[in-house]
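Number of protein chains: 2
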Amino acid sequence: MGCNVAIAGVTGAVGQEFLSILSERNFPATSYRMLASSRSAGKKITFQNKEYIIEELTRDSFKGIDIALFSAGASRSKEFASAAVAAGAVVVDNSSAFRMTPDVPLVVPEINPQAIKQHKGIIANPNCSTIIAIVPVWPLHKANKIKRMVVSTYQAASGAGQAAMLELEEQAREVLAGKPVTCKALKYQLAFNLFSHNSAIGPNGYNEEEMKMVKETHKIFDCSDIAITCTCIRVAVLRAHCESINLEFTDPITPEEVRELLNTAPGVTVLDDRASNRFPMPIDATGKDNVFVGRIRQDESIPDNRGINLWVAGDQIRKGAALNAIQIAERLL
Amino acid sequence: MGCNVAIAGVTGAVGQEFLSILSERNFPATSYRMLASSRSAGKKITFQNKEYIIEELTRDSFKGIDIALFSAGASRSKEFASAAVAAGAVVVDNSSAFRMTPDVPLVVPEINPQAIKQHKGIIANPNCSTIIAIVPVWPLHKANKIKRMVVSTYQAASGAGQAAMLELEEQAREVLAGKPVTCKALKYQLAFNLFSHNSAIGPNGYNEEEMKMVKETHKIFDCSDIAITCTCIRVAVLRAHCESINLEFTDPITPEEVRELLNTAPGVTVLDDRASNRFPMPIDATGKDNVFVGRIRQDESIPDNRGINLWVAGDQIRKGAALNAIQIAERLL
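In the order they appear, the protein sequences are chains A and B. Numbering (this note's numbering) for the first sequence: 141 to 473. Numbering (this note's numbering) for the second sequence: 141 to 473.
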């Protein structure tokens with residue numbers, strides 16, 4: 141296939157990361173088209189020493205495009221992805237718009253690359269918290285089927301977009317100066333504070349972020365009988381998510397076996413130094429491709445050595461979004 | 141009993157909170173003696189419109205003292221508590237020194253006030269994360285025995301002392317100014333970051349904080365067959381801990397039953413507004429006596445409706461330390 145690439149949402153945090161990663165990885169594009177809302181249309185952007193003019197994202201944006209990377213929010217994906225597909229492009233969509241649509245593959249290349257082939261024009265990129273949890277959990281599940289998973293997240297501001305990252309810094313300045321705190325991009329004060337993820341709460345009491353983690357994991361693992369429960373929390377961190385993951389396996393498993401499986405797992409870096417108390421932190425994962433894993437321990441509250449606790453950190457904008465989408469695009473070629 | 145009170149460690153974060161709470165609650169002391177290390181001895185302190193001179197904590201500090209509130213670290217408690225007891229005082233010790241000593245009661249007044257009577261001179265105040273978790277968990281356990289508990293903490297800087305709180309603010313200023321970050325009181329960068337609790341890691345891979353939560357809960361509940369596993373994390377928050385708590389009960393239980401039990405539980409405030417996505421945050425709990433509870437949900441990953449998820453927030457310096465100790469002292473009178 142050809143390689144004319146459109147980026148929809150190029151001015152956002154993920155859009156900007158698309159550009160960095162495409163450049164770093166020497167993505168073999170023949171041309172790029174930079175798309176954003178009318179607000180940004182006409183602005184100039186320099187990429188790989190070439191100047192581009194940002195065009196407004198419309199249904200006519202995709203003529204001649206082979207791959208369209210979308211990160212402009214779910215409503216824009218719903219509005220424009222079909223036009224990209226009609227124009228002959230394959231859409232790799234970073235939003236939640238199509239993730240649970242039955243004939244849209246939902247892909248983490250380290251886990252289910254085979255699903256890419258089944259696409260009918262759209263491939264969905266999973267939620268950031270889902271990706272960061274399951275990249276290290278998948279090799280364990282393959283070796284010893286997971287029965288139950290209890291996850292608590294520590295999610296960065298970046299998940300709420302670039303404006304939220306800037307606002308977190310602004311809020312910190314305000315708190316330090318004893319001033320009232322600005323809450324526009326963020327629903328509540330995040331600086332020196334934290335809050336339950338403010339996506340809509342369903343009738344079962346879980347927010348959308350928590351249910352995404354449950355449903356997307358089932359779809360990506362092609363295994364809907366793993367029992368999963370999540371608590372999603374936004375913390376005062378800029379751009380890397382951490383997660384506390386408690387796993388119940390079918391058969392006994394030791395921390396040594398887990399460490400061995402993760403040491404050779406794609407996309408995973410084990411950082412688990414008990415002696416010097418050195419485990420994954422958001423600043424370790426920031427700007428890195430891999431998901432960092434540590435605090436690998438037997439969970440003695442589960443009988444027969446079938447329980448393991450993990451602690452993970454992954455860059456939300458990178459592996460949680462832009463990198464994963466570009467890995468999918470690379471496999472399309 | 142009489143009511144001459146000594147405060148050992150009066151200059152620390154908890155010591156200062158002792159003073160605020162004693163004053164707020166009109167604690168019926170006849171006299172106060174303010175004790176600290178030699179570094180602070182001779183300094184003046186004003187309390188309830190009276191000036192006190194801080195005295196050096198020594199084995200001779202306790203003549204005539206009836207109640208000694210200790211919050212000067214475990215090694216000072218080990219060195220000086222026996223002298224206080226020998227002088228006829230009852231020690232309420234905020235450190236970890238005596239918590240697991242068999243004949244020392246470990247008390248949360250909302251849970252096991254009856255244990256106070258069994259003291260032989262020393263009563264231990266539990267770890268802050270333990271107190272904040274179990275104040276709301278106890279009324280549930282009484283109604284329906286808990287089989288297993290999975291906890292992930294979001295702990296404030298205050299747990300590492302006053303210097304750590306100041307350093308978190310200083311680090312935030314440094315990060316915002318693009319400067320290198322100072323790590324003296326805190327082992328790693330905490331501003332715009334978080335890290336695994338840096339207490340010593342035992343042979344099973346759990347840090348001391350995590351094992352305190354397990355062992356202290358068993359002792360306070362007088363029930364060592366609850367299976368408990370914890371992951372303790374320090375976050376960029378000043379003085380209130382949050383915890384994500386997953387509970388497996390013996391019998392079925394609904395979120396409505398949990399809410400009803402917690403609505404009348406002592407020391408608990410339910411803040412669980414799904415419609416407006418308003419749940420406990422550290423800044424809600426800061427300066428408050430009660431533990432705030434929200435995100436009360438059925439955990440559908442546990443069969444037969446025997447699972448519940450909770451989210452709690454409690455002031456680490458207050459209910460997690462100073463308030464609990466003063467509640468014990470009040471019951472001694």
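Note that these hints are calculated values from the structure, not bench results. Misleading hints may appear alongside valid ones.
Remember, identical chains collapse to one label, so a pair may be satisfied in a single copy or spanning two.
To be verified - List time: in silico DSS-like cross-link candidates among lysine-lysine, alpha-carbon distance up to 25 Å:
1. LYS355 - LYS257
2. LYS324 - LYS190
3. LYS428 - LYS327
4. LYS203 - LYS287
5. LYS183 - LYS285
6. LYS355 - LYS183
7. LYS260 - LYS184
8. LYS190 - LYS218
Model, not experiment: these values are computed from the prediction.
Here's how the hints hold up against the structure:
| no. | hint | result |
| --- | --- | --- |
| 1 | LYS355 - LYS257 | within (21 Å within a copy, 52 Å between copies) |
| 2 | LYS324 - LYS190 | neither (35 Å within a copy, 46 Å between copies) |
| 3 | LYS428 - LYS327 | between (28 Å within a copy, 22 Å between copies) |
| 4 | LYS203 - LYS287 | neither (47 Å within a copy, 60 Å between copies) |
| 5 | LYS183 - LYS285 | neither (51 Å within a copy, 63 Å between copies) |
| 6 | LYS355 - LYS183 | neither (39 Å within a copy, 61 Å between copies) |
| 7 | LYS260 - LYS184 | neither (33 Å within a copy, 77 Å between copies) |
| 8 | LYS190 - LYS218 | neither (31 Å within a copy, 69 Å between copies) |
Consistency note: the structure conflicts with the earlier hints numbered 2, 4, 5, 6, 7, 8.
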